[in-house]
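**Student:** All chains, please: the whole structure from these sequences, using the hints.
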Amino acid sequence: MNVSRRWLQAVAPGLDLGAGEIASRLAMLGAPVEGVTDLTAGIAGVVIGRVERVRRHPNADRLTVCEVDGGNGAVQVVCGAPNVRAGACYPFVPVGARLPGNVRIKRVRIRGQESRGMLCSARELGLGTDHRGILELAGQFDPGSPFAPTVGLDDHRLDIEVSPNRGDLLSHVGVARELVGEGGIRLADLPGTIEHELAVRTGSPAVEGAGVRVRIDDPRQCWRYMAAVVSGVRVGPSPEWLASRLRAAGAHPINNVVDATNYVLLELGQPLHAFDLARVAGPEIVVRGARQGETVRTLDGEQRKLDEGMLLICDPGEALAIAGVMGGSESEIGEGTTDVLLECALFNPKGVRAARRALGMSTDASHRFERGVDPAGLERAIRRAVSIIVATAGGEPAPTLLDVCPRPWRAPVVMLRPERVEQLLGVRFEADDIVDLLEPLGYRCGPAAGAIKVTIPGHRSYDTLREVDLIEEIARAHGYDRFPDSMGAFRPGTVPDDPLLRLHDRLRTTLVGRGFLEAHTTAFAPADEGEVEVLNPVSAEESHLRRTVLFGLLHAVEHNFARGASDIRLFDMGAVFGAGGSGGSPRETNRLAVALTGRRRPRHWSVEDRPWDEWELRGLAEELVAVVLPGECSVEPGTFDSTFFEEGCEFLLRAADGSVVGGAGKVRADRVSAPVRAGPVWGLELELGDGARGRPDPAFRPLPAFPAVERDLALLIPDSLPARRVLEFLENGGGRDLVGVSVFDLFRGGDVPGTHRSVGFRLRYQSGRRTLTDSAVDRAVRRLVHRLKEEFGVEPRVGATGPGR
Amino acid sequence: MSEAGSLLDELRALEREAQDAIAGTSDPAALERVRIAFLGRREGRVSRILRQLGGIRPEARPAVGAEANRVKQVLRGALEERERHFAHERADTGTPALDLTLPGRDRWRGARHPVTRVVDEICDIFARLGFTRARGPEAETEWYNFVALNTPLDHPAADEQDTLYLKGGGLLRSHTSPVQIRILEEYRPPVRILAPGPAYRRDTWDATHAPAFFQIEGLAVDEGITFVDFKATLSEFARRFWGPGTRVRFRPSYFPFTEPSAEVDVKRRVVGADGDVAETAWLEIMGAGMVDPAVLENVGIDPERYSGWAFGMGPARIAMIKYGITDIRTLYENDIRFLSQFA
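The listed protein sequences derive, respectively, from chains Z and G.
Under our numbering, the residues of the first sequence are numbered 16 to 820, in order.
Under our numbering, the residues of the second sequence are numbered 10 to 352, in order.
These are computed hints drawn from the structure, not numbers from a lab.
None of these values were measured; they are calculated from a predicted model.
By construction, the Cβ of each residue, glycine as well, lies at the ideal position given by its N, Cα and C atoms.
Watch out, some of these pointers could steer you wrong.
Partial list, derived from the structure: chain G residues whose beta carbon lies under 8 angstroms from chain Z [what the hints assert, rightly or not]: (1) R144; (2) A148; (3) A166; (4) P220; (5) K240; (6) P269; (7) A271; (8) S316; (9) Y341; (10) N343.
Listed next, with one range per pair, are the computed distances between beta-carbon atoms [stated by the list, open to error]: (11) Z/A373 / G/V308: 30 to 36 angstroms; (12) Z/E651 / G/R256: 56 to 62 angstroms; (13) G/L138 / Z/P617: 38 to 44 angstroms; (14) Z/P28 / G/V308: 46 to 52 angstroms; (15) Z/S757 / G/D108: 34 to 40 angstroms; (16) Z/P768 / G/T110: 49 to 55 angstroms.
**Tutor:** Have a look at this one:
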């Protein structure tokens with residue numbers, strides 16, 4: 016809402032504050048000001064100049080050469096205006112100052128005569144359209160004094176952010192009421208206006224008078240319709256006082272009739288509409304729902320298709336306007352208009368909202384109707400509009416105001432308990448204090464048993480209908496900052512700290528400790544990366560919800576590749592979405608993804624660079640899975656998602672019950688556009704569940720009392736046999752004293768047959784009861800070798816078996 | 010007695026001789042030769058004296074032994090000191106054998122995302138005020154996102170958040186407030202929770218808007234919770250988060266699910282490079298208010314008995330203020346040059 020400071024001060028004569036002070040007061044009342052514009056900033060350098068002498072220009076008939084006193088003695092100025100005369104004062108721009116549009120005035124020669132400055136018309140100053148001559152100021156002023164403040168033209172426009180519950184603030188009177196209270200509002204007489212004797216004729220569903228008939232067919236959507244007729248108007252430009260008010264509030268003047276309605280809209284918040292009465296058949300106004308297939312051409316020139324039931328203002332034949340949204344071009348006020356029918360109505364906010372949304376438009380009128388127009392303010396508004404029209408466009412008002420009122424408004428009454436005020440606000444307010452806080456805002460308070468009976472004024476009858484709404488008004492009027500700031504005791508809550516968020520903490524600690532950077536990707540994905548479609552997406556790239564987190568991370572890897580990086584380690588945790596959740600909503604689960612490429616450590620001269628590889632990835636996967644599913648998970652080769660990972664270089668992460676909880680692998684080259692210098696990219700995606708799987712406390716095992724003995728065993732394993740099976744055999748079948756098996760070597764070539772590889776296992780023997788002798792351990796190893804041969808046909812590599820390190 | 014006495018004299022003479030020899034060495038190799046000559050296990054002169062212990066009277070032996078040990082200690086100390094002297098000399102002459110001024114073998118430094126840092130910090134502060142963390146789905150229904158939160162779809166308040174709808178039903182939550190409803194449905198008061206998580210709006214990317222953004226919801230519901238508690242708790246949070254001397258301001262505002270509603274602003278004290286203390290402009294940090302009784306009724310909690318307050322905060326915006334980031338898109342590009350600044 017754009018508000019003019021001078022207009023506010025005109026309706027609230029006691030409001031003696033600057034624009035900045037008004038802005039901060041409004042902010043603390045809940046209507047923050049987003050910007051303050053000094054409307055005369057563009058003419059700040061303009062001063063008052065007195066023309067001392069005028070003589071004809073020697074070389075041009077239409078020009079004069081003037082001596083102008085701009086405060087620093089007389090200077091010579093060449094002027095082209097016909098109305099310049101000696102002794103009068105005009106706005107004057109001295110050399111070096113600027114005009115609106117940032118035009119800097121320079122010393123020039125015009126037809127051989129020097130000119131040092133410029134005398135201005137209203138239009139040149141951005142103050143109006145008058146360009147017939149320079150703006151002669153009535154009265155005498157001191158030459159050189161600043162122009163705008165001296166002649167009272169300075170003004171500020173305040174851009175107020177009005178919350179959707181406060182339709183009452185969409186007018187100058189409404190804003191002024193917040194600042195000075197109901198009692199400080201005065202509607203000043205406007206130039207040339209008089210109070211007309213108009214009698215109201217009320218009825219329902221139809222009323223006749225002033226030569227027209229008005230009928231409401233849909234009282235659910237149209238609660239009240241007032242109409243007035245002014246005959247014999249002359250449509251033309253508005254006088255300067257009216258036009259400049261509108262401009263100050265950010266509106267464009269159109270013509271004197273339309274401007275009068277806009278003036279009332281901006282001053283009182285009541286939308287009005289003027290019809291050219293000659294274009295209203297009958298003349299009769301019918302307020303009814305649209306028929307199927309009906310159309311209307313609106314003022315913006317659009318041919319609008321109307322939904323059935325949408326509320327229209329019609330004559331007996333066709334639609335003239337969309338109620339509360341926009342008028343039609345057919346009945347528009349134009350230069351030929353002589354008789355005006357003025358509409359001042361109250362429409363159902365929900366109906367206006369539905370209509371303007373269906374039409375995909377919003378207007379000053381619909382914005383106000385949606386938020387609620389004061390049901391008690393119609394008559395004042397239409398009378399003021401009639402006065403202004405007669406004053407600016409002439410004509411004669413018909414003596415009857417028509418008032419079709421199928422739904423007379425009664426002020427709501429709310430009971431307010433002072434103890435409830437204290438219960439919610441924490442501070443005791445006496446009943447008298449409450450009354451003193453509420454009444455300036457327009458509420459009327461009366462006594463009731465144990466409570467205050469509060470009558471709600473029309474302008475707050477949409478949002479203040481409950482006791483708690485009044486309690487907010489009390490807090491607001493008292494001032495939020497005046498409440499004390501003392502913290503009381505609190506009881507512990509019943510909600511446990513969310514286990515998934517705790518799991519996030521643990522994973523973050525692990526990965527950050529391992530040198531990974533946490534990325535933030537969004538849930539959006541293009542169509543080929545998601546199953547769930549967004550109905551109204553912002554872009555095609557964000558048309559679906561992702562089915563993996565890894566997708567976004569790979570995108571981030573590309574971003575970094577493109578900026579010269581080759582060592583990249585990223586992770587992110589978030590929701591992924593699949594079709595087919597319960598009740599039509601998507602299935603939503605939480606995942607971790609990791610992407611890595613480049614070197615394992617920063618370069619150092621003392622060691623060779625080594626890139627990430629499948630073993631680092633597998634190790635990382637095992638570590639992460641152990642964080643998510645402690646003690647009950649496995650990592651094994653297998654295909655998780657062949658759209659992401661290269662065949663044959665992919666791991667499956669499984670839970671204890673065998674279900675797949677994730678995958679990891681070498682990202683396919685066609686998934687990431689990588690520069691030539693880049694190494695392979697590795698990725699991992701892991702389902703996190705709800706994090707509720709508890710972390711068992713570690714169970715202490717007594718430390719061994721007897722020394723361990725190690726033996727290395729190199730086995731020739733054929734390529735057809737996965738080493739994992741041998742490892743598991745050793746782990747499970749090596750007897751009680753074999754407490755650890757690890758792989759320490761993998762070797763091909765040399766004396767190893769080409770179809771085999773040599774895998775070195777380190778076996779660690781230890782007994783809880785005695786010191787193992789070398790011979791006992793050797794016997795155990797020999798037994799194992801024998802059983803391996805029986806089980807797998809695997810032989811030891813000759814000469815490679817011996818004591819451990 | 011005389012044998013013992015001569016051994017003691019010999020030891021003391023040897024001590025003086027060794028001290029001179031040590032002081033006279035000019036390099037570590039010479040020092041090592043002196044060490045062997047005097048303290049060598051087999052041929053060292055102290056050892057040789059000790060080997061003569063057997064030849065003296067048993068009652069005199071402890072005294073000689075003790076003296077020999079004292080001399081050994083002294084000489085070892087002198088040797089070490091001389092060694093240190095050589096080490097310093099090496100460093101001073103600039104011909105180091107091992108240049109330890111070179112950088113060590115570095116590791117990759119990981120980092121939490123700046124928004125996570127802010128979320129964690131906020132949750133930590135509130136944890137000390139008795140709050141736990143909670144969570145809810147991101148794909149929501151109109152009931153949880155709007156209706157239960159006292160926001161009818163035919164009211165202009167629903168326009169404030171341009172919502173993304175999903176094919177097949179549902180929508181992406183436009184704020185984290187639906188978690189209020191889900192938690193109050195599941196748990197009875199007292200409830201003190203924070204719900205951090207993503208929310209979504211139909212905004213196009215620009216310097217200050219993102220269609221997906223983080224939010225933190227806060228909710229406290231119990232008997233006897235008042236506007237004074239609300240102000241006090243959030244002020245306490247703001248001072249802990251933004252630093253001592255921070256001023257906090259509550260302005261009336263409007264949210265359909267709180268009544269009274271407020272915007273909370275802070276004015277921080279910043280110490281400039283020259284040590285001068287200055288105050289920032291007022292910064293909007295959250296929208297908040299007392300839980301609207303209609304919300305409590307919607308989850309079956311008696312608003313005459315229970316009351317509460319709630320807030321919604323944007324950690325991305327706070328991270329931008331805190332770390333001086335000017336474009337919100339920076340937070341989602343995942344440029345490692347940016348992310349590693351938070352290591």
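**Student:** Each hint needs a verdict: does it hold in this structure or not?
**Tutor:** Here is what the structure says about each hint:
1. R144: At 5 angstroms from the nearest chain Z Cβ, G/R144 passes the 8 angstroms test, so the hint holds.
2. A148: holds (5 angstroms)
3. A166: holds (5 angstroms)
4. P220: holds (5 angstroms)
5. K240: holds (6 angstroms)
6. P269: holds (4 angstroms)
7. A271: Since the shortest Cβ distance to chain Z is 6 angstroms, the answer is holds.
8. S316: Since the shortest Cβ distance to chain Z is 6 angstroms, the answer is holds.
9. Y341: holds (6 angstroms)
10. N343: Cβ of G/N343 sits 4 angstroms from chain Z, so the hint holds.
11. Z/A373 / G/V308: 30 to 36 angstroms: holds (33 angstroms)
12. Z/E651 / G/R256: 56 to 62 angstroms: 59 angstroms Cβ-Cβ, so the 56 to 62 angstroms window holds.
13. G/L138 / Z/P617: 38 to 44 angstroms: Given about 41 angstroms between the Cβ atoms, the range holds.
14. Z/P28 / G/V308: 46 to 52 angstroms: holds (49 angstroms)
15. Z/S757 / G/D108: 34 to 40 angstroms: At 37 angstroms between Cβs, range holds.
16. Z/P768 / G/T110: 49 to 55 angstroms: holds (53 angstroms)
When the structure is compared with the earlier hints, no violation turns up for any of them.
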